[in-house]
Amino acid sequence: MSNWKLICKLEDIPQLGSRVVHWPERGKVAVFRSSDDEVFAMHDKCPHKGGPLSQGIVHGKRVTCPLHGWNIGLDDGKAVAPDVGGCKTFEVKVENGEVFMAA
Amino acid sequence: MVSGHAYGKSIRTVKTCVGMEHCRFGTQLAMSMGVKLEKMLFDMYAPHKVKLAVSGCPRNCAEAGIKDVGIIGVDSGYELYIGGNGGIKTEVAQFLCKVTSDEEVMEYSGAFLQLYRLEGWYLERTCHYLERVGMDYIKGKILEDEEGRKALYAALLAELKDAKDPWATSREPQAIKQFIPIMVEA
Amino acid sequence: MSKPRLVLIGNGMAGVRTVEELLKIKPDHYDITIFGAEPHPNYNRILLSPVLAGEMTISEIVLNELEWYKEKGIKLHTGKQIKTIDRAKRKVIAEDGTEEEYDRLLIATGSTPFMLPIPGNDLPGVIGYRDIKDTDEMIEAAKLHKHAVVIGGGLLGLEAANGLKLRGMDVTVVHLGPWLLERQLDEVAAKMLQKSLEDKGLKFLLQKQTEMLVQGESGRVAAVRFKDGMTIPADLVVMAAGIRPNYALAESSGIYCNRGIVVNDTMQTYDPKVYAVGECVTHRGIAYGLVAPLFEQAKVAANHLAGYGIGRYTGSVTSTKLKVTGIDLFSAGDYMGGEGTEEIVLNDPYGGVYKKLVIKDNKLVGGVMYGDTADGPWYFQLLKDGRDIHDIRDQLIFGQSLVGDVGHAGNSKAASMPDSAEVCGCNGITKGVIVQAIKAKGLFTLDEVKKHTKAASSCGSCAGLVEQILASTIGGAYTPAASDKKPVCGCTEQSHKAVREAILNQHLITKEAVFKALEWKTPNGCDKCRPAVNYYLISTWPHEAKDDPQSRFINERSHANIQKDGTYSVVPRMWGGLTTPNELRAIADAAEKYNVPTVKSPAASVSTCSVSRRKTCPASGLTSTRPAWSQAMPTASRFAP
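Chains as they are written, first to last, in my numbering: chain A, 1 to 103; chain B, 104 to 289; chain C, 290 to 930.
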């Protein structure tokens, strides 16, 4: 199936925080870690004005963009209503404490 | 140079005029008073940003009338104003009291700000806090209750005694890592 | 095991609101069945007046579409009136024989218009004003007939009269009291109102007692005759002389009623399995006819139905707003004053502005405003908060010191503003957009309006005006919470005050402990409550609570200011605004090293110096969107002279 690429260790991402991954063909991808250690990835670009979502506050399965406070769902990349728009998400998995992203 | 805290719920640069140090109208040393206050409040965490100004005379070149704490020098001492705001809605600061010494300026300002730190709601500026609790309440706590004022002031100083520059490399080295991008090879 | 069953009698605003609140806090607790006597899904009864006035359509005022019931798994019976409540067998029986059993019953049967007990009150053409059917009938009558008489000069009566006038009828309002809206206005304001309504073409007969309604040759009503012998023509008579709670059904099942279904502070009736909310209820002797209190009741009832057992309804202070386009009118609390009260009055009859504030023991207890109502919500908030106003007394009557004048071109009269007028300067939102959203999406609170339109969501200076538009659009449905009771955010019902107190009194030192102790609804809060909780923890327990960087806004975490393109600016401190040649040189060196094109000293009021960083750090091999902090530190060290 997919070709997985090692990104980092799970502990390299703070809980309720994120890291930015520079992926040549994808540009900047934000990788988020929730409080229960689920990991999500999407373009580091808010659908509103392009704000860096990686710098936002993570809560539950959402991140709040630091520029104008839009909430984006971590699992689907969609803006939370009533805002509309979305970010491309990428498949990620955690195995033995290491984070992989689908190539 | 240390952090100017322009980003946080913290003390901004204290605006000063050139004061008695240089000005032909100056009645008090505004610049040194300002620096003293700023050093005292360095790294203070508050419900919202806190702005101060010190003017050396009632011409008020430092615009102390629209600051969270505004200090205006007069011949016989300083007038203290609180709860001003120059933001979305201009709010003129209200007269709190007149004091005679630099030490009193520090004590009264510090006590008021500590009260605000303990009772203000997050993102509530001093003008909103003041509107909510009323000037009489503040006067009761700061002017009429000497012991209470001194306790508030002492608590503030105790909390700020270990203030550190957030830009110093020694502070939170762990936290830096999250900002370093991870490079993935093509 | 199957779920307990909840049956709701009454598919109206109070009942359905209770169900909505319940689903919000405990979604899967009950199997829910709703009976409605009308054939429609839940609609916004308050907006029937705009429908009558031709400003809205029925479909626009539906609050819960049929799909909503389906989606929530609610069994809906429309057009079915309940005939019997069998409390022994715990079931309800509809007129057509439909039966449903319940474990908990919620009664929200509303009220009916009071029909004056006079001869002719059952003639064709004589109606109350309550529901879609009545509204349709009035609209039809306006097409065929000329003369309308509205009996009752209260809110509903005036709105009906205004609507019928706009539909082309010749309308006379008959009122028994000495002035219009005597339950909302004092005489001065009422006279001003009457004058503007007369300018719109309405006629008024005050202090007139109706004796009988006269039948015409067609069998339909033809005239109204008064006690003093006067007679006026009428092809349509609308009775708007008050409402009566619908409690006959409850009473016949043996539930204790006294001019309404009697409930306690948890909205429970004398039968512990039966709750009641809305206009059919009397609580502490008061039956409310406005929507705002009903929503407060709904919240409490939902909480108890969910089994949480917290929250009490202790009565409401109400405010009212007349929904007649172009007329600004606001009243709240004890607007008449009297013994033991003082009044502050501003009266400008020529300018069409009248304000009266009633003060008791240094607190605002009521007020009436006509013409300029921009400060209505502010006064109402002061009133609900019970704030001591004596230190602002000298300015009180002038309002929240010109609060309405920032960012929206001085517009302060919500109802008279044209739809094209800009309300929120920050986000470029016009009045029309706000009104449309309120109507189309069924918004009831300032927060909802903010979320859906963005109005008042940036600088907030137009919040008062937006509240005013909200109030004038939905009338009595609008109610602000007392400010020390406003929830911190959607994650909790707790207020800032309650959170602070809990942290102090229960010695909580982590956010997890706070969320647990105060039963947060979300696992780790949100961007609104987390920074607040983090601050409260640290300021309350300075050397115990640990800072949580992930609860800080990015600027505080990176110790720099994020700019619109995701780059950061850094501001080194210049104590008291003073600097030295050495420091300036350090800044210049750092700026050159990182190719910073602009060095700015920010807002004069701060008189400090900032180094703006642009996308220009190739030499360091670092990228521009990386927060400056990691660079600010080497940079900052370079700032050290």
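One or more hints might be untrue.
Each computed DMTMM-like pair below joins lysine to aspartate or glutamate, with the alpha-carbon atoms no more than 20 Å apart [said to hold, decoys possible]:
1) B:242 to C:677
2) C:774 to B:288
3) A:49 to C:459
4) C:817 to C:737
5) C:786 to B:234
6) C:739 to C:816
7) C:730 to C:310
8) B:280 to C:392
9) C:743 to C:816
10) C:739 to A:83
11) B:280 to C:837
12) C:743 to C:711
13) C:810 to C:309
14) C:652 to C:637
15) C:775 to B:234
16) B:280 to A:37
17) C:484 to C:459
18) B:267 to C:837
19) C:313 to C:808
20) B:280 to A:98
21) A:61 to C:677
22) B:152 to C:836
23) C:652 to B:239
24) B:280 to A:12
25) C:817 to B:222
26) C:817 to A:83
27) C:292 to C:392
28) B:152 to C:711
29) A:49 to C:816
30) C:774 to C:737
31) A:9 to B:288
32) C:810 to C:790
In silico negatives: residues of chain A with every beta carbon more than 12 Å from chain C [as the list claims (entries may be wrong)]:
33) 4
34) 44
35) 95
36) 97
A partial selection of chain B residues facing chain A, derived with a Cβ cut-off under 10 Å [said to hold, decoys possible]:
37) 231
38) 235
39) 237
40) 238
Just so you know, the hints here were simulated from the structure itself, not pulled from any lab data. Model, not experiment: these values are computed from the prediction. A virtual CB, placed ideally from N, CA and C, is assigned to each residue, including glycine.
Verification of the supplied hints:
1. As the CA atoms of residue 242 of chain B and residue 677 of chain C are separated by approximately 14 Å, the hinted pair is consistent with the 20 Å bound.
2. For the hint pairing residue 774 of chain C with residue 288 of chain B, the CA-to-CA distance comes to about 54 Å; that exceeds 20 Å, so the pair is violated.
3. Taking the CA atoms of residue 49 of chain A and residue 459 of chain C, the gap is about 55 Å. The hint is violated against a cut of 20 Å.
4. As the CA atoms of residue 817 of chain C and residue 737 of chain C are separated by approximately 16 Å, the hinted pair is consistent with the 20 Å bound.
5. With a CA separation close to 16 Å, the supplied pair residue 786 of chain C and residue 234 of chain B stays within the 20 Å bound.
6. The suggested pairing of residue 739 of chain C with residue 816 of chain C holds, with an alpha-carbon distance near 16 Å, which does not exceed 20 Å.
7. Proximity of residue 730 of chain C to residue 310 of chain C is assessed by CA-CA distance (about 17 Å); at most 20 Å being required, the pair is judged to hold.
8. Simply put, residue 280 of chain B and residue 392 of chain C have alpha-carbon atoms about 57 Å apart, too far for the 20 Å limit, and the pair is violated.
9. Taking the CA atoms of residue 743 of chain C and residue 816 of chain C, the gap is near 17 Å; set against the 20 Å cutoff, the hint holds.
10. Of the pairs offered as hints, the one joining residue 739 of chain C and residue 83 of chain A holds, with about 12 Å between alpha carbons and a cut-off of 20 Å not exceeded.
11. Between the alpha carbons of residue 280 of chain B and residue 837 of chain C the distance comes to roughly 15 Å, so the proposed pair stays at or under 20 Å and holds.
12. Between the alpha carbons of residue 743 of chain C and residue 711 of chain C the distance comes to roughly 13 Å, so the proposed pair stays at or under 20 Å and holds.
13. The suggested pairing of residue 810 of chain C with residue 309 of chain C holds, with an alpha-carbon distance near 16 Å, which does not exceed 20 Å.
14. This hinted pair does not check out: residue 652 of chain C and residue 637 of chain C have alpha carbons roughly 25 Å apart, beyond 20 Å.
15. Proximity of residue 775 of chain C to residue 234 of chain B is assessed by CA-CA distance (about 16 Å); at most 20 Å being required, the pair is judged to hold.
16. A hinted pair counts as satisfied when its Cα atoms are at most 20 Å apart, and residue 280 of chain B with residue 37 of chain A qualifies at roughly 18 Å.
17. Among the hinted pairs, residue 484 of chain C with residue 459 of chain C is consistent with the structure: their alpha-carbon atoms are about 17 Å apart, no more than 20 Å.
18. For a cut-off of 20 Å, the pair hint linking residue 267 of chain B to residue 837 of chain C stands: about 17 Å separates their Cα positions.
19. Between residue 313 of chain C and residue 808 of chain C, the direct Cα distance comes to roughly 14 Å. Compliance with the 20 Å bound is thereby established for this hinted pair.
20. Between the alpha carbons of residue 280 of chain B and residue 98 of chain A the distance comes to roughly 17 Å, so the proposed pair stays at or under 20 Å and holds.
21. Pair hint residue 61 of chain A plus residue 677 of chain C does not hold up; C-alpha atoms about 43 Å apart against a cutoff of 20 Å.
22. Note on residue 152 of chain B and residue 836 of chain C: the hinted pairing holds, with a Cα-Cα distance of about 18 Å set against a maximum of 20 Å.
23. Of the supplied pair hints, the one linking residue 652 of chain C and residue 239 of chain B holds, its CA atoms being roughly 14 Å apart against a limit of 20 Å.
24. Proposed proximity of residue 280 of chain B and residue 12 of chain A is supported: the alpha carbons are some 8 Å apart, at most 20 Å.
25. For the hint pairing residue 817 of chain C with residue 222 of chain B, the CA-to-CA distance comes to about 18 Å; that is within 20 Å, so the pair holds.
26. With a CA separation close to 17 Å, the supplied pair residue 817 of chain C and residue 83 of chain A stays within the 20 Å bound.
27. The straight-line distance between the Cα atoms of residue 292 of chain C and residue 392 of chain C is roughly 10 Å, inside the 20 Å bound, and the hint therefore holds.
28. Between residue 152 of chain B and residue 711 of chain C, the direct Cα distance comes to roughly 30 Å. Violation of the 20 Å bound is thereby established for this hinted pair.
29. The suggested pairing of residue 49 of chain A with residue 816 of chain C holds, with an alpha-carbon distance near 18 Å, which does not exceed 20 Å.
30. As the CA atoms of residue 774 of chain C and residue 737 of chain C are separated by approximately 17 Å, the hinted pair is consistent with the 20 Å bound.
31. Pair hint residue 9 of chain A plus residue 288 of chain B holds up; C-alpha atoms about 17 Å apart against a cutoff of 20 Å.
32. This hinted pair checks out: residue 810 of chain C and residue 790 of chain C have alpha carbons roughly 19 Å apart, not beyond 20 Å.
33. The Cβ of residue 4 of chain A lies farther than 12 Å from every Cβ of chain C, with a closest approach of about 25 Å, so its non-interface assignment holds.
34. For residue 44 of chain A, the non-interface assignment is contradicted: its Cβ lies about 8 Å from the closest Cβ of chain C, within the 12 Å cut-off.
35. At roughly 24 Å, the least C-beta separation between residue 95 of chain A and chain C is larger than 12 Å, which holds for a residue marked as non-interface.
36. No beta-carbon of chain C is positioned within 12 Å of the beta-carbon of residue 97 of chain A; the least distance is around 20 Å.
37. Interface hint at residue 231 of chain B: violated, since its Cβ lies 20 Å from the closest Cβ of chain A, which is beyond the 10 Å cut-off.
38. At its closest, the beta carbon of residue 235 of chain B sits 24 Å from a beta carbon of chain A; the interface hint therefore is violated under the 10 Å criterion.
39. For residue 237 of chain B, the shortest C-beta to C-beta distance to chain A is roughly 32 Å, which exceeds 10 Å, and the interface hint is violated.
40. Because the beta carbon of residue 238 of chain B sits about 33 Å from the nearest beta carbon in chain A, more than 10 Å, this interface hint is broken.
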